[in-house]
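Visitor: Residue numbers (this note's numbering), protein chains in the order written: chain A, 1 to 82; chain B, 10001 to 10226; chain C, 20001 to 20114; chain D, 30001 to 31047.
None of these hints come from the bench; they were simulated from the model.
It is possible that part of the hints are untrue.
Straight line, CA to CA, 27 Å or less: simulated BS3-like cross-link-like pairs of lysine-lysine [stated by the list, open to error]:
1. K30150/D with K20101/C
2. K77/A with K20113/C
3. K77/A with K30153/D
4. K30288/D with K30353/D
5. K20113/C with K30150/D
6. K30353/D with K79/A
7. K20050/C with K10003/B
8. K79/A with K20023/C
9. K20050/C with K82/A
10. K24/A with K20023/C
11. K20101/C with K10004/B
12. K30872/D with K79/A
13. K30153/D with K20101/C
14. K77/A with K20101/C
15. K31002/D with K20101/C
16. K30905/D with K82/A
17. K20023/C with K10004/B
18. K30872/D with K30586/D
19. K30353/D with K20110/C
20. K30832/D with K30587/D
21. K30586/D with K30540/D
22. K20113/C with K30989/D
23. K20113/C with K20101/C
24. K24/A with K20050/C
25. K30784/D with K30990/D
26. K30425/D with K31002/D
27. K20023/C with K30150/D
28. K79/A with K20050/C
29. K31002/D with K20023/C
30. K77/A with K20050/C
31. K20113/C with K10041/B
32. K20113/C with K30351/D
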Amino acid sequence: MTNIFIGVLGVIMIAAALIAIYQKSLLSAIVAAGVISLLASIIYILLAAPDVAMTEAAIGSGLTTIVFLYALNKIRKIKADK
Amino acid sequence: MVKKLFSLIILALLVIMLLPLMTDFAPFAELSRVAEKYVQKGPAEVGGQNLVTSVIVTYRGLDTLGEIAVLFIATAGIGFLLGKSSGKHKRSEASQLVNTGTAFLLPIILLFGVFIFLHGHLTPGGGFQGGVVIASGILLFVLANADSQISSNLLHWIEDLSGAFYVIIGLLGLILAGGFLDNSILPLGQFGKLISAGAIPLIYTLIGLKVGAELVGILNNMQRSQ
Amino acid sequence: MLLTIILGIILIVLGLWGMLSQKNIIKIIIGFSIMDTGIHLLILSIGYIKDRTAPIMNQAVQSAGQVIDPVPSALVLTAIVIGLAITALMLTYAVKLYEIKGSLEISDFKELKW
Amino acid sequence: MVSPIYIFIIALGIGFLLSLFDKAGRAVAMTIFYGALLAMAFISGQWLLHLLQGAEAEIITTAGFQPPFSINLKMGLLEAFFTFLINTLGFLAGIYLLPKFKSQKIYGMILFLMLIMGLNGLVMTGDMFNLFVFLEITSIATVSIIAIEKNLKSISAGFKYVIAGGIASAFYLIATIFLYRFTGVLNIAMMAETLNVASSQAVFLSVFILMIAVIVELKPFPANGWALDAYEAVDSGVVAVIASGTSAAMLFVFYKISPLLNNTLLLTAAGIGLATFTFSNLLALKQKNAKRLLGYSSIGQIGLIITAYALLVRAGYARNSEIVMLTTGGLFINHFLAKAGLFWLSGVVEKEKLEEWSTLRNNPILLFAFAVFVIALVGLPPFPGFFAKWQLVMTFANQGLFFWIGLILLGSFLEAIYLFRWLGKVLKSDLKAELKAKISQIFPILIYLLAILIGGGYLSRLINQGTSLSILYLPVLFIVFLFFIDFLPVAIKNTLVILVGSYYTYLIIPQLSGYRVMLGVIFLAGGVLLFIPGYFKRGKRTGFYPLAVMMYVGLAGLLISENTLQFFTSWELMTLGSYFLIIRGKKSEPHALSYMLFSIGGAFVMLFGFGILYYVNGNSMALSSLGNIESMAGIIYALLGIAFLTKMASIGLHIWLPGAYGEAEADVSPMLSAILSKAGMFGLLMLMAAIQTANLGSINLPYVLGWLGAITVFIGNLLAIYQEDAKRLLAYSSVGNLGYILFGLALMSHMGWLTSITYALNHFLFKALLFLAIGGVVYRVKTKNMYEMGGLIKKMPLSFVSVLIGIIALSGVPPLSGFAGKWLTYNAVLEKGWYLQGVIVIIGGLIAFLYCFRLIYAVFLGQLKDKHRQVKEAPVWFLIPQVILIGAIMLFSTYPAFILGPVGKMLNDILPENALIWENLDAYSIYGHWNGFLIMMITGGIFVIVFLWLYFLNRKAQKVKQFNIVYAAERPSRPELTHVGYNFFAHYKKALGSLSQPYVTKFWNTMADIFHSSAGFIRRIYTGDGQTYILHIIIFIVVVYFLTIGG
């Protein structure tokens, strides 16, 4: 049962990874990468590691995405200034 | 195009190379030598329910200190890279809704963060997770209060002092107990209680503060530069 | 767990593929962060032991035979935070590069060679 | 003792608080910052001292638990040494960066402190994952501090660096977790105890990934484009820390994980290192940017250290055994100090192009430092790299690793090419610019300069227990002393050198025996004599005396060497000294380079030969063991022979000589030609005396040498006749003369050797005489072209007499000493039966007449040039030694038995069939007899009669005024066309032109082209694209893996 669940999550993660790589829009790509982390944190719970799951969700998924967005925002600002 | 094809072939070879890690490999069936000892003796030696926390803060405390240092360096590095803060960043005045929301939410968020890192030795979570929560709270606060000079100053103090206190506590371990970062400088207390596990709650508090301040620092530095 | 190990390695390779196939610096960094996630998954999978619970020694868990290895968890925690730091630094570099040259194409930065 | 953990406590505590201190003022923050760096250096220094006194290594456990349950740090001797190096580097680099820290944000200092702390952690930690954390600390701090310069190059280099570092650490992490799975611990030492690499493919793969990740951090070829970019673009103060400090820490990491590696993996590491060393140095040949060049060199050096370490450990030496420490440690410390010093200098110079570094000439101390660092990198004495390389080659030879030695020497040679080319450009380039050196920049450079000098001396004492180099200590001290008094005027220094030299000669000569006495007289007494002209120089003649003395010290050292190390050290000292003498000439930069390259190439071949000798003879370094080689004698003979022939400029190896002799200063040319060239002869004598029958396969080597000598005589003399430049003419003549010496030695008979040694003395006398006389003329007329001279006999009669006597002695006409040589040669040839070679030699001798003749009439006879009307006789300091030399020639010519008799006796030990019998003044051989005294008397008598006759006739002769002759129509467009001596032998050129084509030069040029164009081609892999660099890393990992498991 767990294996099937992980398998489904894995397929979604791989799909998200492909989206993150091939999606033209940077914003979507960043969000897709965030989704991978988020799904990974679910797997971590299944792997009996709630500590890591929390961290991955908060830092790997949440904060990393925010940092990406900040950077993107910054780049847009520079573009606008030019 | 040729380059992509070539990259693809190389990655395929890499996968072939890594195959033994999947095929010729049996997962742990029993705990490793080190883990065995942590599980057997950990609760008594360190006094924390959550062994991950015990490992992070005590057994592998040096890693964690290093990790804090990495975040610290990244914050400093980003500040260094993006140059002088120009101060010309004009924030649009926050709306009434945000202000009220912040006033209402901030204490709860901060409390939640503190809860997470204070209970690090008991339940999942700890300084890092709590730190992120605190960081989000502070970000909200910064969003609401355009007058960020005070907050950034305060952040600096929190960041620097919590780091320094962390080192000092580690040093106390060296002087008073078995070694650098030994948590038994404070009594281990009663197993499973909030005030237990020696200095772990204290250390995790400092880590939480420092991580929170640093994460905000990273975002601030990225935001504010010219 | 073998499944998650395989998934981890797939993510690592996908991340590398992203770094190798995409010209946009932000995309390359995304590739890096996918690779990082894969590695974290891999590490954690090593510590997992079938049918055991988290290493939290409360009333429900009393013996060593019941919990997973806490060490990989601790390592991943550290690795995640470090990964964030590196990603942030890379992104800052990307911002700085864009600020100087107005481009995010990695092949535009060939001033140094040979 | 302060616990080593305080290094981290101080760094972190102060690092965290530094921005608060900064609020109290930058001065406060800076004081604390430097205090912290100093404290860190102090702690590790204190431990270094403590451990050197034999204390136990300290294991620092954290959190009160023993490893493997908690992270432990170790402070052993090596750790103390490495952290001490890193922390002192940190302090000095901090001082170097002081102006930047002062003006930039406080972050700069914080990052720097964290970087140094990270490096300490890499060295001290004993835990594999903790190592990863420190790896990241170092990497992030490095990448961040790169932004101290915020230009495009710096930033894009930083980005490539962070990406590459990220991939390396990703692989490191994968390996770490699997190794944890296999061993159940993270403690590296315990991991090594429990791990069986061969137990499964997964284990092997994990260890491989671990190793390759660490190696990628050490910048292997070709996965190192990112590092090269960083070396080129990053601020000098920072890059010195990366090149020296980070490399040091990463090398130590490699050392730490090496117990995990099995022999297969060690071999892989060695192969990677060697490829890196060779290719980096090859690619550097095309490099024009100074910092990138240093980058290539750094990467190459690290590769060499990896190779040395991996192979030695593989061969069974303990990881911390003395041999390993001496070799890899010596190479490492050499690289560490020299590279940091050079990168610091790059910040002082602030110029990108290699030749623009000539601004260093504005500051003699910095120029000296530059030269020292460069020479140390090449691996010449007396620096640590030299001794380490020596020990490495000997130890490898001991293990029979000849293939590796060959490639290492090839790589070293490539390195020497670009480094000496650079040095030459810096010394001679015309570019002029201001040099602004801040005291904060000079101070660290000077400290490292001092350290590398001391390091060399220290290592020289470690490396040769029982085979002390002490014979060289006092002379080298004298050289150092001369450097210190270099500010004094020439007269004082010259006198001092002559006095000390005379005393040294007096001490050394009695210690010598056999043919060594003869060469001792030439090297030392001759050397002192040739210092006399030095008085004609005014001013300080900066740098001349220490380096000239270095050459002579080397020469003397050759004579008294008892083992191969002493011999090789002396040889290199001599080479180095002479290089600097040659490069003093105005236009001699390319020639000095080519001299140096042939010499270094030769020296490496010699080193290889000594290595094989060491292997064959049961680890004996004694030179006497040359005489009882059981196997491989042919190869040793050939290798050493080639080395000696480079100094003797035999045809094929001669192309450096004409330029080097021709462009050298007036009093340097005679030193080179008359004295230095005999070093090669001495080597050959020693070699041939020891190995009398040498065959390489079915080839008889002395026979080959005989042909080589004969051809050299012929070609050398032939080329001499076409020269318009008087000094080059003498230079080519020297080639021919040295060919004689070689030919005589190759005869391998008593007579042949007697000839050769006699001729050597003779050559010393007349070549010194000729070079001095011509040098004096050139000094006065300011040109070396003979067609611009003429009629100088009246202005410089004494020089004329010298040249006349010189050429008579040279051409072998009775009555002077050259005739003795000729006569002996004919006897020796007949005795040996080498008729064809003999004929070539004799024809060569006849050709010598042609150019000798030109020296007289083109220079001294004919019309005096208008502009030479005011020319005076050569300076008296030139004439004094000439008089002495003429006296010696006369004496030798009249009483050859004084010399030939004792020399013959000396040779009896080696070649007993004494073929020349002396009866009073008559020499008898089986082919005839000869009496020098009688010949002298008869010829002298004829000369006097002819002279008197001419003198009386001449009274009636009419003096023709110069402008008595009127040109028919117009003035020639080029002045040389008015000179009857110009292109005098053009008709011979038509007949023999094909023989004088510069085939050899073409050959060597083609070789150089091949190297350069292949370098130009290969280096295109460094496209500058960060993505390509990522691909390189992955290709590197995959390819190396499949190579490793495949073979």
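Visitor: Does each hint fit the structure? Answer for all of them.
Guide: Comparing the hints with the structure gives:
| no. | hint | verdict |
| --- | --- | --- |
| 1 | K30150/D with K20101/C | holds, 12 Å |
| 2 | K77/A with K20113/C | violated, 31 Å |
| 3 | K77/A with K30153/D | holds, 23 Å |
| 4 | K30288/D with K30353/D | holds, 6 Å |
| 5 | K20113/C with K30150/D | holds, 19 Å |
| 6 | K30353/D with K79/A | violated, 36 Å |
| 7 | K20050/C with K10003/B | violated, 43 Å |
| 8 | K79/A with K20023/C | holds, 19 Å |
| 9 | K20050/C with K82/A | violated, 57 Å |
| 10 | K24/A with K20023/C | holds, 11 Å |
| 11 | K20101/C with K10004/B | holds, 26 Å |
| 12 | K30872/D with K79/A | violated, 78 Å |
| 13 | K30153/D with K20101/C | holds, 11 Å |
| 14 | K77/A with K20101/C | holds, 14 Å |
| 15 | K31002/D with K20101/C | violated, 47 Å |
| 16 | K30905/D with K82/A | violated, 92 Å |
| 17 | K20023/C with K10004/B | holds, 11 Å |
| 18 | K30872/D with K30586/D | holds, 23 Å |
| 19 | K30353/D with K20110/C | holds, 19 Å |
| 20 | K30832/D with K30587/D | violated, 44 Å |
| 21 | K30586/D with K30540/D | holds, 17 Å |
| 22 | K20113/C with K30989/D | violated, 49 Å |
| 23 | K20113/C with K20101/C | holds, 17 Å |
| 24 | K24/A with K20050/C | violated, 40 Å |
| 25 | K30784/D with K30990/D | holds, 25 Å |
| 26 | K30425/D with K31002/D | holds, 23 Å |
| 27 | K20023/C with K30150/D | holds, 23 Å |
| 28 | K79/A with K20050/C | violated, 52 Å |
| 29 | K31002/D with K20023/C | violated, 47 Å |
| 30 | K77/A with K20050/C | violated, 50 Å |
| 31 | K20113/C with K10041/B | violated, 56 Å |
| 32 | K20113/C with K30351/D | holds, 18 Å |
Hint compliance for this structure: hints 2, 6, 7, 9, 12, 15, 16, 20, 22, 24, 28, 29, 30, 31 are not met, and every other hint is.
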